[in-house]
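S.K.: Construct the entire structure; sequences and hints are all you get.
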Amino acid sequence: MAAGGSDDVFDILKNAGSPNAIAAHQASQKAHEEEMALKAQRRAAETIQEHSSQPVFFDSITILGAPQTRRPFLEKLVKPSLDRSDEGDFTLRDALRELNKTIGGLQSFDIFHPNISFHLDTPSTYTFDPTNPDSPVPLSAVINVKERSRLLLKSGTDLGNTEGSAYAQSTIRNVFGGAEFLNVTYSRGTRTRSAYDATFTTPINSSPFASFELKALSASRDNPHSSHTELSKGFLGTVRWATPSHFLKQSISYEGIWRTLTSLHDDASTSIRQDAGDSIKSSVTHIATRDTRDNPILPTSGTLLRLRNSIAGFGPLKGTVGHWRSEVESALAFPLFKGVSASSSLRGGILYPLALSGAAEARPSTVADRFHIGGANDVRGFQTGGLGPHSGKDSLGGDAYVAGSIGMLLPFPRVGADSGLRLQAFVNGGRVLALEKPPGAASSSAGDKMKYTVGRLLSEAPSLAAGVGIVYGHPVARFELNFCLPLGVRGTYGEEGAERARKGLQFGVGIEFL
7 MAAGGSDDVF DILKNAGSPN AIAAHQASQK AHEEEMALKA QRRAAETIQE
57 HSSQPVFFDS ITILGAPQTR RPFLEKLVKP SLDRSDEGDF TLRDALRELN
107 KTIGGLQSFD IFHPNISFHL DTPSTYTFDP TNPDSPVPLS AVINVKERSR
157 LLLKSGTDLG NTEGSAYAQS TIRNVFGGAE FLNVTYSRGT RTRSAYDATF
207 TTPINSSPFA SFELKALSAS RDNPHSSHTE LSKGFLGTVR WATPSHFLKQ
257 SISYEGIWRT LTSLHDDAST SIRQDAGDSI KSSVTHIATR DTRDNPILPT
307 SGTLLRLRNS IAGFGPLKGT VGHWRSEVES ALAFPLFKGV SASSSLRGGI
357 LYPLALSGAA EARPSTVADR FHIGGANDVR GFQTGGLGPH SGKDSLGGDA
407 YVAGSIGMLL PFPRVGADSG LRLQAFVNGG RVLALEKPPG AASSSAGDKM
457 KYTVGRLLSE APSLAAGVGI VYGHPVARFE LNFCLPLGVR GTYGEEGAER
507 ARKGLQFGVG IEFL
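One gets the working numbering by counting positions in the sequence shown from 1 and adding 6 to each.
Errors might be hidden in some of the hints.
[Claimed, not checked] Result set (DSSO-like, lysine-lysine): computed pairs, CA atoms no more than 27 Å apart in a straight line:
hint	residue 1	residue 2
1	Lys107	Lys160
2	Lys82	Lys160
3	Lys107	Lys82
[Claimed, not checked] Between beta-carbon pairs, the in silico distance windows are:
hint	residue 1	residue 2	range
4	Gly497	Arg194	27 to 37 Å
5	Arg103	Arg420	38 to 48 Å
6	Pro444	Ser397	38 to 48 Å
Read the hints as simulated data drawn from the structure, not as lab findings. Backbone N, C-alpha and C fix where the C-beta goes; we use that ideal spot for every residue, glycine too.
M.R.: Structure below.
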């Protein structure tokens, strides 16, 4: 018996160092630590719940782990929480809510790693007064952050509407210690021969909801649907702001661009040749966007409303082109039942010519400023720029347009309703018109021309196409392969001014689709 017992002890000691025993011990220890951490979280939650209505105030909020970030920048970021705690009627629940807002702001600047922790305590000098238990308790909050690397070099591909491109980019984060960014990018694409841009972005008053952006650019872009290449050089200055929920975003920008229409095709139309050469666009643009969609790339619920207004060449803006350009876009998506959703969208715009300073009357718009509608990402079933006025094979664009779509997304067989792979069916169409004077009028003002053109736009039947296809919603882009059937096209292919339809398969990649 004694010998057997001794052997058992030696076996246990021998097996204690085996890999299986060590792994089992580590797993048991990890499970124990997780259980203890879970119990601690439960106790903390119960304590917070029990004392959530306790009056408190912030004695201090300290941010640790940010040596490269300016102190005044961080002080402005935490000031709203400190001010809120001094207003009175401030409880522990409010304190936690304010700290979450501050941490959300720190995360939004993208200069810190996303995992940000904090802890609360009372100052070391605080002594609880049992005779006055309802007096506000001072809190010292400590937020722990870790700064990201300041220099980032990367290359990759971008998928935008009607174009794919490869790029190389260098980024300097937190340039002056106030969440500033400097991005320098070079790219080449299927339509963009080359593009250089340098963009400097900085928050306004340390706010995560407002920023200023200054961009210098130089780009060369092919427009084969209009038989030319457009060279652009200039700069943009933009102020952006948003509501805390980010459902409503706005921006106002100034753009100064020197444009050259060059490298005309041998068979370029007379209209394109007349617009060739240099022009200077000096404009101010305001954009307001309200977006409540659950997914902007593959929405199944929510709404979108976007308003874009710009004025160029008027008054002190100078430049060689003058116009008022206004666009509105709306979209609606709603679920029908599991995995099936319906959607609709409507867009429209006008380009109203304005007389330049010192000029007697407004100049006609140019091909570089007009609306070009049609394509795999726009009105499907038509070539890029396939709707509206044409001369030969060239899209001339229009001064007024309207386009709309209705569609349905369905689950792909054997994939599941939650997959990004879907089937779709759609009907879309649009109408694009150049600014024209009423028939029989000897002369008319730009206002009369616009009234007549908009009247035609709303009263005449649009060009239509229908189709079915496969859709894949990737986090960075939407891919579509559709079979399209044009239902109504103005003119016959080959005739002067005829629209360019596309029957059969059509592939589209981009961020936004009609």
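S.K.: State for each hint whether it applies.
M.R.: Taking the hints in turn, this is what the structure says about them:
1. Lys107 with Lys160: Roughly 31 Å between the alpha carbons, so the hint for Lys107 and Lys160 is violated.
2. Lys82 with Lys160: 32 Å, violated
3. Lys107 with Lys82: 13 Å, holds
4. Gly497 with Arg194: 27 to 37 Å: 36 Å, holds
5. Arg103 with Arg420: 38 to 48 Å: Holds - the Cβ-Cβ distance for Arg103 and Arg420, about 45 Å, lies within 38 to 48 Å.
6. Pro444 with Ser397: 38 to 48 Å: At roughly 23 Å between Cβ atoms, Ser397 and Pro444 fall outside 38 to 48 Å, so the hint is violated.
Checked against the numbered hints listed earlier, the structure breaks hints 1, 2 and 6; every other hint is satisfied.
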